[in-house]
Amino acid sequence: MRTLHPFPGGVHPPEHKLESNSRPIGSAPLPSLLVVPLLQHIGNPAKPVVEAGEKVLKGQLIGKADGYISVSVHAPTSGKVLAVEPRPVPHPSGLPALCVVIEADGEERWVERSPIDYLNLDVSEVRNRLRDMGLAGLGGAVFPTYVKLNPAPDAAIPILVLNGCECEPWITCDDRLMRERAPSIIEGARIMRHLLGAREVIVAIEDNKPEAIAAMGEACRDTDFELVVVPTLYPSGSGKQLTQLLTGREVPSGGRSTDVGVQIFNVGTAHALERAVHHGEPLISRVVTVTGNVRRPQNFEALIGTPLAELVKLTGEPREDTTGYIMGGPMMGFDLHSTAVPVVKAMNCVIARSDRLFPPPPPPLPCIRCTRCAQVCPVRLQPQDLYWFAHARDFGKAQEHNLFDCIECGCCAYVCPSHIPLVDYYRFAKSEIWAREREKKAADRARERHQFHLFRLEREKKERAEKLAQKAAAAKATAAMPNPDADAKRAAIQAAIERAKAKRAGVVPRNVEALSPDKLQEIQEIEARRAKLREVMEKSGEDQA
Amino acid sequence: MTYVSQPVSVSLIMGKVLLALGLGIAAYVVYFGPAIVISLVLASVTALAAEAFMLRLRRYPVAPFLKDGSALVTAWLLALSLPALAPWWLIVGGTLFAIVVAKHLYGGLGNNLFNPAMAAYALLLVSFPAHMTQWPAVDMLAQAHLSLAETLRYIFTGRLPAGVTVDAITMATPLDFLKTQLKLGHTVHEITRAPIYGHLGGRGGEVVALAYLAGGLFLLQQRVITWHVPLAMLAALFAAALWFHVFDPDRYVAPWFHLASGGAMLGAFFIATDPVTGPTTPRGKLIFGAAIGFLVYLIRTFGGYPDGVAFAVLIMNMAVPLIDTYTQPRVIGHGRQQERP
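Which chain is which? The protein sequence lines are A and B, in order.
Position in the first sequence (first residue = 1) + 67 = this note's numbering.
Position in the second sequence (first residue = 1) + 152 = this note's numbering.
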């Protein structure tokens, strides 16, 4: 038996798992239109490689990974690309993002699928294939899986943890997946261990999922994997907390669990990896819990890109008192702004809201420093102080009190008797600090540029001055020294000028012999005027000189 | 944004505090007569009125803030700290000071630096020392029966029924008695044989103290308070008393007497645990509680006042920001070097 090392704090809200975990995973029918966002993971969005009008096959690459922290995106079904354009996506901001819109042809024709012979391929090659198959974490943080399987060369990862905790209330997609597809998950973990070179594999499941524990235990029987049943306590499914719970090691501030030799994958990710490696299937579907204020809460295997409205319809007609939809759990989830948003890799759960299920909180009262928040903080922060600093916009103080160690789990807000939306204050403070940091950096860069500009002007001025001084000095030197060559030259020039003058004076107008006297008279008058003019010109020229 | 929250509210917490005080109040009535009920009602009405007025003045929504119950808790704690037979204006004035000055002028709920009830108590004690000694005599009913109406009349007009003297219905508290008798050269052993002493502390008073202890345990069980402050305060008081008692039992009374007398239990579980004016870190709460316990002993034994809870709490209220600063817990992932596998 593994000794557990409980992390501080934590809460146990009503679980609400029974609503959706009593039915098997249903398969969502093919929708007529799929909207596939090009950014579904943490990192850079994939670059679209298809255009409107193009035909695509199921599993065909439609967005190529761009950069290290990025994965590819694939067509969830065969059909025609209608558009590559910004569409509403599930994001707290509610801002649209670039999506590939595909009209399904209903034929579900696959591209050629080639399994990955991971045992005979170079590990880095396998990783690249996983990136190209669009694998990203399905627990909610959607970190590219291949990056997580690529530890720094000097950092061995001896412990691989399969996270089946699913500690947020309402969500049951991992629970059902473990019950129904345990062998695939375990096989996925086996492949992960191979790629990671991990010694141990721990499968952690909260004790409120006995069926999943039984199924996973059965699948683990012929392996040396260790199944650890952990107490049901939110947020034990959070990476850092799970690491501490299982190993007693604290993830250093600002670090990841890999810093203490632990890598954690969600069970859904292991399942997707098994599908990719053994069946050559890119990540084009996932299990989503649809629960809350719906008629028949259930988990569905839905294609990525399925519009939310279609997904919700599978549970029956939407109830009239539904006030909106939450993506994720009630602790860390966020409001979806539209029912047009599609299923994405991060979407583990959709909860229909109603005022009966989620009564709006009463207006916040002043903080009475009761420290219930501090008692439940899994990071041992002092949330009441952070709130005070954020409220007073004393961001420096907030940072000093380790604001950035806050994992935004919401335990503090959950227990606050004054109903203060504490996490919102921390997010606000963090974003303000980031914004100021960016402004400061931009200002620093501008100042540096300006200073360099001034420096360059100064330098050029100096250089010019130096050059001039040199020239002047040189000229002075030549003037001071008698130079016979120069005198000869000057004499020659003078002679040439004299010659030209003489020549000009000696010029006689041609064709004048046969002219009549009055014509000659006229010419002489003109000549006289010209001579006068020339004289004036020469005079003015001398004046100017 | 968190969509769910625990069904707790400030009102509920304050309600539990009031409920927990109920047992102590009942014991008080049994041993010292109904005067305390009059004080409680007077203080409550004054506190609610003052709170509503101040909220209106400060343009806060009156109803939700009034419902939080904090004004009532302040009122009750003050009323339970004052002599129940004190004149009405003492209670009303004290409550007004607590709510208007100590609470709202410091920024209202959550912002006050000092425990409002104790600030008011201290003000009254230094301003009206004579009126602050009108403690109802234990078993007052047996010697000079005062009906509720007569009690009311005494509190509001200061007039007693014919043939009844103030001395018959009031008396010194056991702590006060101990202090004056010690000054007269009696030993602790001689003094505590007087009829006002019971088994642990003063007769009646010890039962009230036990009732407060029970109420405090209820608050602990309900997680309204944590164990840190009460345990540290009582332990420090006990330890200090034990040290001197062992050293010279004739001059220094036994430690359990200190725990069962005066405001020790009420202070430990209901006053020093005030979250607004206390430290927030677990270690800070231990320091805060222990310092109060120690100060209570010092003031009781060597100071000029019979009981020291109010002053000890106020003194330590001032130290709270400092305590909080130096007792920040180690945040997970900071400090301690992590071994790498």
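Rather than coming from a laboratory, the hints here were simulated on the basis of the structure.
Incorrect hints may have been included.
Cβ pair distances, simulated, as ranges [claimed, not checked]: (1) A:Trp-501 with B:Arg-210: 51 to 59 Å; (2) B:His-486 with A:Leu-162: 31 to 39 Å; (3) A:Trp-501 with B:Trp-408: 55 to 63 Å.
No residue lacks a Cβ here, since even glycine has one placed at the ideal position from N, Cα and C.
Which hints from the list above does the structure break, by number from lowest to highest? Failing hint: just 1.
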